[in-house]
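K.L.:
Fit chain B to the given chain A structure using the hints.
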Amino acid sequence: MKKFSVKYISLIAILIFLLSCSEDFLERKPIAQDTEESYYDDFSSLNTTATAAYGMLCSRDIYDIFYLFAHGGVGSDDVECGGENTGDWPEIQNVDRMIYGHADEYIFNTYAYFYKGIRIANDFIFKAIELYGEDPNEYPANIKSDLQQRMAEMKFLRALWHFMLTQTYGGVSIAIEKADPAALVPARNTIKEVYEVIELDLKDAIPYLKEKSQLGSGEVGRASKGAARALLAKVLLYESSYAENYGQDDNKFGAVEQRYDEALQYAEEVISSGEYELVGINGERYDSWRDSTSYGGYNGNGVGGYRWIFTLDGDNSLEGVWEIQNVIDLAGWTESRGSYWTTYTTIRYMFDTLGNSTIAGGWSFNLPTSYLIDAFGNNDSRESGLNSTPVESRLDPRFQTSIGEPGDTLKMYTISQGDRWYEMDFVNLPTNTISRKYECSPYEFWRKKTNDNEGPMNLRQIRYADVILMAAEAAIKSGNTTAALDYVNMVRTRARNSGNTGYPQDLTTISFEDIVHERRLELAMEGHRFFDLVRWGLADDFISGISLDVYPGFTVQFEVGKHEFFPIPLTEIQLSGGALQQYPAWQ
Amino acid sequence: MKESFSKQLKNLFLMSLMIFCTSAIFAQKGIINGTVTDANGDPIIGANVYIEGTTQGTVSDIDGKFSLPDITAGSVQLSVSFIGYLTETQTITVDDGVSVEANFMLIEDLQQLSEVVVIGYGVQKKSDLTGAVASVSSEDLNKVPSQDISQALQGRAAGVYVMGNTGAPGANTDIQIRGTTSINRTTPLWIIDGVPADPKSVNQADVESIEILKDASAGAIYGSNAANGVILVTTKKGKAGKNQIDFNAYYGVQQVYNYVDIADGPQFGRVFTEYEALQGIEDFYFPNPDTLPTFDYQKKITQTAPMQSYDLSVSGGNENSTYFIGFGFMKQEGVVKRTSYDRMSFRANSEHKGNKWLTVGENFSFTRQKFVGFHEWQYFNEYEGPILPSVTFHNFVPVYVNPDGSPATEKNDTTNWSGDPLSNTVNPVGRVDLKNQESQTYLANATAYLKIHPIKGLDYETRLSGGFKYTDDVEFTPVYFLTPTILNSDSRIYRAASQNKNWLWQHILSYNTTLFEDHNILAMVGYEAGWGRYETMNAERMNLINETPEMWYFDASTNTEAVSQFPNGYANESSSYSYFGRLNYDFRGIALAQFNVRKDFSSKFGPKNRSGVFPSFSLGYKFSEHLPDNPIFNFGKVRYGWGKVGNNAIDDYAYYATIGTAPVFMYAFDNGTSPIVGAAPDKLANPQIGWEAVVTSNLGIDIGMFNNRLFLTADYFVRRNDGMLMEKQAPWYYGYVVRDPAQEGGVANPIMNIGELKNSGIEVSASWKDNIGKFGYGINVNFTYVKTEAVDLPDTLKEGGTKGVGGTLTQTMTGQPIGEYYGYQTDGLFTMDDIERDANGDPVLTPRGTYIVVNQPYIINEEGETEYAQPRAQPGDFRFVDANGDGMVNLDDYVPIGNPNPKYLLGVTIDLEYGWFDLSMFWQGAFGHKICNTQKYYLYNFDGQYNVAPDYVDNHYRHEILDGEGNVLFPANYNATYPRLDPSNANENFTRFSDFYMENGSYLRLKNLQIGMTLPKEWTTVAGIERLRIYFSATNLITFTKYSGFDPEIGSNKDPNSTDQREAILVRGLDKGVYPPSRLFSAGINLTF
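So the protein sequences, as listed, match chains A and B. Heads up: take any position in the first sequence, counting from 1, add 11, and you land on the numbering used here. Heads up: take any position in the second sequence, counting from 1, add 902, and you land on the numbering used here.
Same shape as in the complex, but just chain A:
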């Protein structure tokens, strides 16, 4: 009996022992998280990825600071870096002085973010094709129009990011294939090759996009027909400028052509759509959280249109063709859907009631130079062929919106001193100026609600005035001087009607230089100047030889053939295993 039980138990033990787990036991799928293989099954899952692609527009610092400021602005003659002192953000100070190198990855990481945006747009496009096929007409009826629109939006975004890459880095590798980490990075394409992809994407997109006015509640901020046309006009204008000023450089530009007429066509499609308006062109005043008296407005009658665009109330106004939607969402520094442009560019210190500089504001980057101040008075000696006469700079109503000077005030709220106007303190700001285009009352808009400095103002990436000036430029280059003059005067009229000083007056004749000048003033401190100077081939003329207030005695030197485009980040070159090559001047 005993022997039996021993054997019996041993047998059970051995059986248990041999019992092995099946492979299923080891299959542990992620919890609370889907995987790429199983997530996409309908339009709504695709739609979240479309939202994620838009989300990339709010990536920390990228579109405001690195793209607009570090790349588009600070390298130009109109902007000095600023900050607390010359040690504040040395990488950008180096761009200011044109002494940056290709290892300064910190400021060149727009490269990564632009490609991340493209990749997410691609994720949408490839998965949508996988699910619903190539032909937009064959999409299932219940989601047909939504999917068509969303697909068009993703092509718009993919085109936008490709364009920003070319603006910043020149010819880059096209990314319209599914990412395969096992493959090598492809070589750089020429700018023309990238533009062909952009053009195709935008032309594919335009028919399916909605006009801005058709975007319903909750849709504002999606790519519209107008945005796509404006972008296409811009791309065509860039191609034309490059062709005119750089010829067909095989290495960088490729077979670019002068296509001003096509650029004009797309810009005019935006103008004739009736969707947009130069806000305040007829002298209308707008109520705003800002004190109207402080900005050359009429007492008690609101502020002029130009000023009003750059207020929080001016978000998504009729002037906005393509705006990044920024909000305070209290999500924290790195995750906020707000923009840091406001924090970076608002004045650093303000005086309290006792005259002590104790009120903290922003960080005082993006300082306007004396060259820009002169330009407002048509007095920049380097500009020639202007049809406007010298005048006191501060008479242009756009001046006070673009440039702050000692004596200027900013309305804000502090716990200790309440809601009132505080005088700005220009201590440590060698230019004695500050840009006011995206300023917000620091306490009103961020300190009061969040400690993370996230700004709620949309980044106005393409304004209607920009489109009109593009049209003017394309017109004059295609020989239609009358149209060009009309367009420029539209912009000048609105400017004039935005203040009570009367300037600038209408032009009676027009030159290309007038358009260069008008773009400079109308779009001052908004991050366009450097890119414009480069495409016009004027960068050497306007940037070389300027001096900076921050570095007395230092002369900036723009090297032709090198500084037109920023270097591709060094690690990216290294990781490409030789496929990517730096332009010769950067090697």
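Read the hints as simulated data drawn from the structure, not as lab findings. As the structure is a prediction and not an experimental result, all values here were calculated from the model. The beta carbon of each residue, even a glycine, is placed where N, CA and C say it ideally should be. Careful, some of the hints might be misleading.
[Stated by the list, open to error] Heads up, incomplete: computed chain B residues facing chain A, CB under 7 Å, no partners named:
| # | residue |
| --- | --- |
| 1 | 1473 |
| 2 | 1640 |
| 3 | 1641 |
[Said to hold, decoys possible] Simulated pairs of lysine to aspartate or glutamate, DMTMM-like, Cα-Cα distance not exceeding 20 Å:
| # | chain 1 | residue 1 | chain 2 | residue 2 |
| --- | --- | --- | --- | --- |
| 4 | A | 40 | B | 1475 |
| 5 | A | 138 | A | 47 |
| 6 | B | 1700 | A | 47 |
P.N.:
Same frame as chain A, now just chain B:
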């Protein structure tokens, strides 16, 4: 003839005994009776009593008595053995029908060579060990009052580096066995009574012994979990016999014994005045600095704090059942105010014999812990921690103010902490007062086991075990105002709950036999399967109805808008199963060999690498067996082991391409304040991912001398981690990786098995124990030398940063030690001898009135001008070394300036005993490493924002400073150690990272001194007390170090449970103001009934 016949009969009987192994039934018999006692005359229960060369034997009973009947007449060799005692043999002559008495007094085996140590899935005699195993007894552990068993291991075993992350109550403990195995994870595997569990689930008083498996030949039986070593904890069991009650308690007070030297009010005021004078300010902020008060903020945030501990256990049983039940409670207040830790624990172990071949048992434990105070990471963050501000905050500022600005004596609301009129720094008292953070952890572990012994030599054991851990965090943040930027306008309540659940089922079959008398074989095979799940959720709500604790719940929130209030939650699951086996072989106990193998299957590994095989072997040879018996050289054994183990520092699901829904994927169409949720693939996944394979070789020697009073163990090891898990930087073109992946939707570079790391080192431990009459003494020394080198890394790993000082601090690169600090080398100060002078010897001045320092490297630029390496340097500035000699001083001149990993570790225990009294001393030290003291940035880089080091006040370079009338305000000081005060920071003396920040981190510490008195038994037994000992103990009594900060033990923010410990591993010894070290004086009592 008759006699010869009986002799023949006996011979015949013995032969038949040997052949048939059956007992004789027809011979005449005698009886042996006796008692087994120890040297004190106390009975030894359960000793083995047996007749050599036969199967006859018994065990001693409760009174130490035994009786062996049926002994065939004649002369027999009777032996008695017991664990921890030397085996004794007596020759007894037995006559038929007579009972003989034989008493044994066993002598304690000082070196405990015959001691049995626990190894993975089994036990082994210490003398037969062939792997590198260290053993720590509970007796040693309990000599130092410590908050948990992992801390108690500090200095106890060679090769084991133990350090608290911080000195805060309940801090996590960082244990590294034999250096850094991996940059991902170095936490060893803890096995409590046979199953993996959290060391915090064990109360120190319940521990019987701790074994540390240091090399792969010992650890490979734990396969892919064992790369960082394995710590086996065995808890106490009841002993058959008398029931025993133990009560241990101590109460002590902790006091901070070392503060950082900082300037007092007047000293600060004078430097500040100098700072103003240098800027041309004439109207000084402090008209009369000498009258400034001084408020000692380091003392204001600290306190004298009590610590107390109580343990009660009851154990006992009979031959069939034993039990152990223990209760423990300890509470430690922190020396930093508003921090504390307490723990309650309960354990029940029992074992029951069902019959001769079946045994069942269980281990159960329950622990509750409560932490109050700062999160551990906050102590390592210069913006969040309370300690650094207590050093750097201007101490002329009173702690509290009244609304009218006058100093107040106490806090009256959440805005009356003083702000600093000179800077925007945080009031340290405010920071401590505002902390309302509490975390509770509940741990329950239960194991049931069944053992079957069906036939001789064969054992089967199965264990089913389950664990549960629940953590509950609460943090309340009131509305407060400390400075214009350090404020909170919304009250917040944050709550988090998480739980871990797991089960494990093991089967172990072992067989033990001896073949041909000389060949001993022990074979074991086993199988186990396990599953674990972690689940967590947390949320925060803002703007509570009011700030009383009754409102610290979500429903009290009045805010329905903020996105940050979204709750978060997720879960992870993993499962695995394994086969393992071991074969031990020895030839007459002289030549020893052991082979282990384990095959792991785990859900953590990618589908392409689902299983792993981890083999090991070790060999030993007792060469002393060939030596003649002599009193000097008693025991000698050489060992060699080789093994391969794994480090599965991989996050669950690492190989899946997941969809992320991070906030960065959201977008606020129409400027809506609640952005719409977006989702996108967020990972470049690598399906090939597998464990890190770590290969160790170990050569060791064990020597016993002078009747085994001296025992020496030495080991040399080499360990190599091939295929270390590292991020492989992916090109940005693929669109996954951006500047700050963790903050951009969890995107990270793909992880691959590509790095290689090597450790090598030497461990020596020696012990001596002897008596001279009533005087007993013992000394135990362990010494470790470890070197860790990065053999191959795809990229240089740059980690660590600190406020004010540019760039990353440490770099780990191929061919170099890990975690090395890189910065500039300084070579003293420039002086007036280094400047350009004209023909008359007068200094040449620039248009701005500064000197030109010419005695320094330079280059000639394209314009033919001389450009100096430090163009803005003045006399009194640091001379940074142009290490590469290119005439420039820039980042290319960074050189290694110090490694934070100690080269040598030392632990020394000295025990003395005389009559009633005992004294023990425990010294512990670490040597040959550097500490990066970032507090020096605040205390030396004077810009008026922070307090200053008194050393700097007295000893910085200065030209004469005159006031408007030409009177000397500050005299010149050319013979100075520290750079000049420079408001423009032209030469960046302190904002460049240099060897100025590195300090020698070596220290030797009298960790513990204990003096005890045991009352004579004769006295205590009257009161029914078996043993009564009272003692006084002092912890951290003396520290020898040159380090200038609070304490040379700088922990790191290392979560022992995390698979990503990279930053903590690569940035060690970074002092951002560590929790102040304290001295504990305590008195305790040990009571046994």
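K.L.:
Look at each hint and say if it fits the structure.
P.N.:
Evaluation of the provided hints:
Taken as an interface hint, residue 1473 of chain B checks out: its beta carbon lies about 4 Å from the nearest beta carbon of chain A, inside 7 Å. Look at residue 1640 of chain B: its Cβ gets to within about 4 Å of chain A, closer than 7 Å, so that hint holds up. Because the smallest distance between the Cβ of residue 1641 of chain B and any Cβ of chain A comes to about 4 Å, under 7 Å, the interface hint for this residue holds. Our distance criterion of 20 Å between C-alpha atoms is met by residue 40 of chain A and residue 1475 of chain B, whose separation comes to about 8 Å.
With a C-alpha separation of about 10 Å, the suggested pair residue 138 of chain A and residue 47 of chain A falls inside the 20 Å cut-off, and the hint holds. Using a Cα cut-off of 20 Å, the hinted pair residue 1700 of chain B and residue 47 of chain A is violated, with the two alpha carbons roughly 32 Å apart.
Violated hint for the displayed structure: number 6, the only one.
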